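Student: Spelled out from the first residue to the last, the chains are:
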Amino acid sequence: GEDVEQSLFLSVREGDSSVINCTYTDSSSTYLYWYKQEPGAGLQLLTYIFSNMDMKQDQRLTVLLNKKDKHLSLRIADTQTGDSAIYFCAERGQGGKLIFGQGTELSVKP
Amino acid sequence: EPEVTQTPSHQVTQMGQEVILRCVPISNHLYFYWYRQILGQKVEFLVSFYNNEISEKSEIFDDQFSVERPDGSNFTLKIRSTKLEDSAMYFCASSLYQGANTEAFFGQGTRLTVV
Numbered sequence: 001g002e003d004v005e006q007s008l009f010l011s012v013r014e015g016d017s018s019v020i021n022c023t024y025t026d027s028s029s030t031y032l033y034w035y036k037q038e039p040g041a042g043l044q045l046l047t048y049i050f051s052n053m054d055m056k057q058d059q060r061l062t063v064l065l066n067k068k069d070k071h072l073s074l075r076i077a078d079t080q081t082g083d084s085a086i087y088f089c090a091e092r093g094q095g096g097k098l099i100f101g102q103g104t105e106l107s108v109k110p
Numbered sequence: 001e002p003e004v005t006q007t008p009s010h011q012v013t014q015m016g017q018e019v020i021l022r023c024v025p026i027s028n029h030l031y032f033y034w035y036r037q038i039l040g041q042k043v044e045f046l047v048s049f050y051n052n053e054i055s056e057k058s059e060i061f062d063d064q065f066s067v068e069r070p071d072g073s074n075f076t077l078k079i080r081s082t083k084l085e086d087s088a089m090y091f092c093a094s095s096l097y098q099g100a101n102t103e104a105f106f107g108q109g110t111r112l113t114v115v
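Line by line, the protein sequences give chains A and B.
Quick note on the numbering used here: the first sequence kicks off at 1 and runs consecutively.
Quick note on the numbering used here: the second sequence kicks off at 1 and runs consecutively.
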């Protein structure tokens, strides 16, 4: 069945790079997504990647997709304290619904 | 910037009571969704709604749950007789289209606590 897995916590120092990893099971997924949830806020779409791409860069964000291993990562360059949040990986399942991982809590220390 | 709003932000209810969670999707959106996240677990799909009917629902969405769009702006999730295990954060989302490259906009969530 469709499943998405992430590690639960990541702690980095301000200015370092953060890499959040995700694995998924549905090889037919055409799009994979990264959502961000700040405290008390909803899920905000950060970026997405089409499955025929290996990499997508958007300012400080780099998404890497290894389709063979079904592995997705989100790299945040020059991580700031404002980047502290929970990051969710998601794939689009059958019928259009999103299948989420359990979220990775990123803690950025000054 | 248009946004999805949910009310209330936190609701406490007694087991067996009915609750209605409310959502106002973005005004020109056509597809509506409810998801939930039990504390420490994944965000799970509950139901999708289009053209005034359910288009897909998960196994979680049993007869205790219902959705409706009573007035063309609100989108509600009703839990008829709440159980302890219904305690979770409930997220509403809407999108203009259903295609894979269409962004789904999420509300800030309603935290439901069943005691």
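Among these hints, one or two may not hold up.
As the list claims (entries may be wrong) - Distance condition first, Cα-Cα at most 30 Å in a straight line; then the derived DSBU-like pairs of lysine-lysine:
id: 1; chain 1: A; residue 1: Lys36; chain 2: A; residue 2: Lys109
id: 2; chain 1: A; residue 1: Lys70; chain 2: B; residue 2: Lys83
id: 3; chain 1: B; residue 1: Lys78; chain 2: A; residue 2: Lys109
id: 4; chain 1: A; residue 1: Lys68; chain 2: B; residue 2: Lys78
id: 5; chain 1: A; residue 1: Lys109; chain 2: A; residue 2: Lys68
id: 6; chain 1: A; residue 1: Lys36; chain 2: A; residue 2: Lys70
id: 7; chain 1: A; residue 1: Lys70; chain 2: A; residue 2: Lys56
id: 8; chain 1: B; residue 1: Lys83; chain 2: A; residue 2: Lys67
id: 9; chain 1: B; residue 1: Lys83; chain 2: A; residue 2: Lys56
id: 10; chain 1: B; residue 1: Lys57; chain 2: B; residue 2: Lys78
id: 11; chain 1: A; residue 1: Lys67; chain 2: A; residue 2: Lys56
id: 12; chain 1: A; residue 1: Lys67; chain 2: B; residue 2: Lys78
id: 13; chain 1: B; residue 1: Lys78; chain 2: A; residue 2: Lys70
id: 14; chain 1: A; residue 1: Lys56; chain 2: A; residue 2: Lys36
Hints are computed from structural coordinates only; laboratory data are not their basis.
This one's a predicted model, so the numbers in the text were calculated from it and none came from an experiment.
Student: Now tell me if each hint is right for this structure.
Tutor: Going through the hints against the structure:
| no. | hint | result |
| --- | --- | --- |
| 1 | Lys36/A x Lys109/A | holds, 18 Å |
| 2 | Lys70/A x Lys83/B | violated, 37 Å |
| 3 | Lys78/B x Lys109/A | violated, 41 Å |
| 4 | Lys68/A x Lys78/B | violated, 42 Å |
| 5 | Lys109/A x Lys68/A | violated, 34 Å |
| 6 | Lys36/A x Lys70/A | holds, 21 Å |
| 7 | Lys70/A x Lys56/A | holds, 16 Å |
| 8 | Lys83/B x Lys67/A | violated, 40 Å |
| 9 | Lys83/B x Lys56/A | violated, 43 Å |
| 10 | Lys57/B x Lys78/B | holds, 14 Å |
| 11 | Lys67/A x Lys56/A | holds, 14 Å |
| 12 | Lys67/A x Lys78/B | violated, 39 Å |
| 13 | Lys78/B x Lys70/A | violated, 37 Å |
| 14 | Lys56/A x Lys36/A | holds, 17 Å |
The structure is inconsistent with the numbered hints 2, 3, 4, 5, 8, 9, 12 and 13, although it conforms to all the rest.
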